[in-house]
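A.B. asks: Quick note, the sequences are listed as chains A and B, same order.
Residue numbers for the first sequence follow this note's numbering, so the first one is 1 and each next one is one higher.
Residue numbers for the second sequence follow this note's numbering, so the first one is 1 and each next one is one higher.
If you're looking for bench data, these hints aren't it; they were derived computationally from the structure.
Please note: incorrect hints may appear among the correct ones.
[To be verified] Derived DSBU-like pairs (lysine-lysine); straight-line CA-CA distance at most 30 Å:
no., chain 1, residue 1, chain 2, residue 2
1, B, 70, B, 56
2, A, 65, A, 77
3, A, 18, B, 117
4, B, 131, A, 18
5, A, 4, B, 202
6, B, 80, B, 131
7, B, 80, B, 46
8, A, 130, A, 65
9, A, 14, B, 117
10, B, 89, B, 46
11, A, 4, B, 216
12, A, 96, A, 127
13, B, 197, B, 27
14, A, 14, B, 89
15, B, 89, A, 18
16, A, 77, A, 144
17, A, 77, A, 14
18, B, 202, B, 27
19, A, 195, B, 123
20, A, 18, B, 110
21, B, 80, B, 112
22, A, 14, B, 130
23, A, 14, B, 94
24, B, 178, B, 46
25, A, 4, B, 117
26, B, 178, B, 56
27, B, 94, B, 112
28, A, 14, B, 115
29, A, 14, B, 216
30, B, 131, A, 4
31, A, 4, B, 46
32, A, 18, B, 56
33, B, 112, A, 14
34, B, 123, A, 14
35, B, 130, B, 112
36, B, 181, A, 4
37, B, 130, A, 18
38, A, 4, B, 178
39, B, 80, A, 4
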Amino acid sequence: MLNKILYCFRTALKSLRKNILLNLITSTTIAITFIIFVSFLLIVMNLSIFKRNWVDQLQVILYFKDNITAAAMDKTKEYVAGHEEVDSVKFVSRDKALNMLRNSLKGQDGILEGLTENPLPSSLEIKLKKAYLTLEGVEQFVKKIEKNEYLEDIEYGQKWLERFIAFFEILKITGFVVGGFLFLFTLFIISNTIKLMVYNRRDEIEIMKLVGATNRFIKLPFCIEGVIQGLIGASLALLFLFLSVNLVMGRFISSLHFYFGTGNFVFLDSNLTVFVLLLGAVLGLAGSLLSLNSLEELQS
Amino acid sequence: MIRLHQVSKLYNNNIPALTDINLKINKGDFVFITGPSGAGKTTLLKLIFSAERPSKGEIVVNGINLARIKTSAIPYFRRKTGVVFQDFKLINTKTVYENVGFALDILGTKRKFVKRKVWQVLKWVGLLQKKDALPPCLSGGEQQRVAIARAIINNPVLLLADEPTGNLDPVLSLEIMKLFKAINARGTTVVIATHDKSMAEKFSENITCLERGHVKL
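Chain B extracted, bound-state conformation (with noise of 0.2 Å):
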């Protein structure tokens, strides 16, 4: 599913985020990306989600070469994955059903099946019964569940997770871990970044830790 060697990426200031990267997850892993802030999670799932380009090394994504993807494909590449960042990055001004209806929106989509799949997911998060509410009027384990909706709703085989957890209680997190669990269960490959080990080790074996953009070991 997704394959790195030797993936090194360096930003302008010539400063390596990351180095000689060697990963492999399998097609419907459970894993944790885990380290201290600084460590490189969030540029190794902006390399797997093709947010960034490596510096160095190949990157092999659903069958994808994302170190030599033409920049007009990155959109079709970015429609089979989904991804949530800590943030939630929801469009304030619209309801929670345009947030999550809005993925299918840009594929034109029809209205019909727009609302039947926007209605089936939401009911799936729980959140069925807040379908018009704006997103600042939600508390923010709703607002992650809302972005888990919309990163789901296409049906992605990859879902990749920026911290999900990082602005949440014990209690909320524990709720969206669990949302992440059902979603790998329905065979949905989920990487998720964070930098609370604990919380990765209660959900998951398969972890690999950052440290200072190298893997260690």
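Next up, chain A with everything else stripped away, as it sits in the complex (with noise of 0.2 Å):
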């Protein structure tokens, strides 16, 4: 049995070895839909990640109205506090919101020199315990609490929330659609080179036959053909995709970093990894076996 593995796996390195323009034509061509379809899963993951910390990061803040005194905004802070959606309230004086404001425009701060007076408002940044953590958590928390008087304006950034989870929600269908086309002409693609090595080694199958080998004998090295392609093809993209957003997108990302705070990007770990590789080497398979059965020679 080892023998007549051995024996396929040599032919079949023979048969990619000697056919390695098309081989190399086929892997390359496997290998885009995989950048393809890894970029959308790389996006798609990253986005997540970057969801979940902003989620987890995600505070409300209610402005109070001017001339508010500071027994009411102490009312107001026992008030929210006393909800049980509630994890912490800290309040923000307009003093304190103006050096804040300074200190994150260091460099920048002459914006704020010809102000005679402190424009910003008295606030209460409120984070909200983790099990209310969801835009629907915070939409009824902020319903509950929006009617009080002494407040003038309540923030989360839900709309920006919003169009993010729409935006991630449509990306996430793109990708699935575009990957299972990707992948349903990766599957013509291979099995048409399937084909062609079938075509080339025709006398061959049929000397085979005639010296009685299986069926399944025939077809293994054809498999192991469309194994390798797609490992290979799916290895190219990986180290493409690796290299792209390791040292080209490297600057890019960073800046998305200053902008987001959110962490850095990240590459598949080892489980995804071996799972495009994977995946890789099914579709190689798939693809031969899609062309072995439908081929009259192999019939019987």
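Using the hints, put the two chains back together into the complex; each one sits in its own frame.
C.D. replies: Given below as structure tokens:
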């Protein structure tokens, strides 16, 4: 049995070497498919991490109306803190808010020089308990407190979050649809390459059958070729994306990091890398079987 | 060894290639099937080799009924049967050694054993010195000897040859026939289809004549 498998491997490797140009074209096509698919995967994965981090850091900010007394603010703080959703409440005075703005604008604080009075309102920064850190949880909490007479405005980035979630969902669906089509395309390419290989070796196949080779034995080298093509394609794609993310996109991503402040761009972990490689192998195998099972030469 | 009973073969166009053939070949026989082109010789060999199924009748080869053999069992049946063709059917990109060893490779035979066996068979057919040559570099007679070496490397109980000398001159044809005779002397049943009746008569008395798909009595 082992000898048969070794023979099939040798035959597959010989054929890959012999038809190197055709195999290179096929593997490159597979690689391009995987680059597009894995790019979607990386974007969705990183946005998912970004969303999780962002929601974790989500806080509701209540802005007080002007001319509200300190007692009224304390009363409001107590009222807010009394809700079961609330984890902590922090009061930010007008002066503190201005200082924070100055700190965040370091180097560009000249913008604030012309101000004759502090335009910022006092506010309460509310951190919710983890169980309520969802868009629905935050909205329900906001509904409960928005009618408070001392409040001017409530902010929790709802519009941005809604847009982001909608975009995220569209991206996920697009990824699946585009990925699905690309994989069908790849199956077609692999199966046609294998058909060509079978055609190139049709005399050999005929003789193999004459000397008593089983169909399974004849098909195995072609399946191995398909798997190797799939693995090479997936590996090339991973290598290309890894280098792109780490070398070329490094600067671009660090600027994203400045704007969103939610950690680094994450590449596929080892489990996902193995998954992508396996997907390449499975796709190669499926493409081979698809063509082999439809070939008349291998029907009897 | 081989028994055909009322065997007919119709191809898709409904033209009968063979009609009501009855034939019995014993173990160790050296048999010729003769007849002009289109008589049905190749179809008869294809039926015995299970490359075709009969439209009617029974074919029993080595105890196996080929009219009812499962498709998955055909490769195993073929391993006990060697076949030689007029056009040699060699792989032009493989060396003589590889072409012959191929029949053992597909059985998963150890390389060491393949090497020993291929050397032995090539020596027997007188081609050991050409083991590294590619088939297009060999003469017709040499190519046929390679095909014979491949056919006998598994020690088949039955050897079928379809016009094995059709592409060879009389001297080489004689040489090849002598080789078949030697194979038969080792106990293998040999069935040769040829249009050359005089050649058949030179080597055997056991001759079946076919004409338009019927056995000529």
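A.B. asks: Is residue 197/B close enough to residue 27/B, meaning Cα to Cα at most 30 Å?
C.D. replies: Given pair residue 197/B, residue 27/B holds - Cα atoms ~23 Å apart, limit 30 Å.
A.B. asks: Could you grab the alpha-carbon distance between residue 202/B and residue 27/B and see if it respects the 30 Å cut-off?
C.D. replies: 21 Å, holds
A.B. asks: Given the proposed pairing of residue 195/A with residue 123/B, does the C-alpha separation stay at or below 30 Å?
C.D. replies: Roughly 38 Å between the alpha carbons, so the hint for residue 195/A and residue 123/B is violated.
A.B. asks: Would you check the hint for residue 18/A and residue 117/B, treating anything up to 30 Å between C-alpha atoms as holding?
C.D. replies: With Cα atoms ~28 Å apart, residue 18/A and residue 117/B stay inside 30 Å; holds.
A.B. asks: Holds or violated: residue 130/A with residue 65/A, Cα cutoff 30 Å?
C.D. replies: 29 Å, holds
A.B. asks: Assess, step by step, whether the Cα of residue 131/B is no farther than 30 Å from the Cα of residue 4/A, and give holds or violated.
C.D. replies: 23 Å, holds
A.B. asks: Take the C-alpha atoms of residue 14/A and residue 89/B, compute the straight-line distance between them, and say whether it is at most 30 Å.
C.D. replies: Holds, at roughly 21 Å.
A.B. asks: Given the hint that residue 14/A pairs with residue 117/B, does the C-alpha gap stay at or below 30 Å?
C.D. replies: 24 Å, holds
A.B. asks: Does residue 46/B lie within 30 Å of residue 89/B when you go C-alpha to C-alpha?
C.D. replies: Holds. Residue 89/B to residue 46/B sits at ~15 Å (cutoff 30 Å).
A.B. asks: Is it true that the CA of residue 178/B sits at most 30 Å from the CA of residue 46/B?
C.D. replies: Status holds; Cα separation ~24 Å.
A.B. asks: Hinted pair, alpha-carbon criterion (30 Å max): residue 130/B, residue 18/A. Please report holds or violated.
C.D. replies: 24 Å, holds
A.B. asks: So if I understand the rule, the pair passes when the alpha-carbon distance is 30 Å or less; does residue 181/B with residue 4/A pass?
C.D. replies: 33 Å, violated
Checked against the numbered hints above, the structure breaks hints 5, 11, 17, 19, 26, 29, 32, 36, 38 and satisfies the rest.
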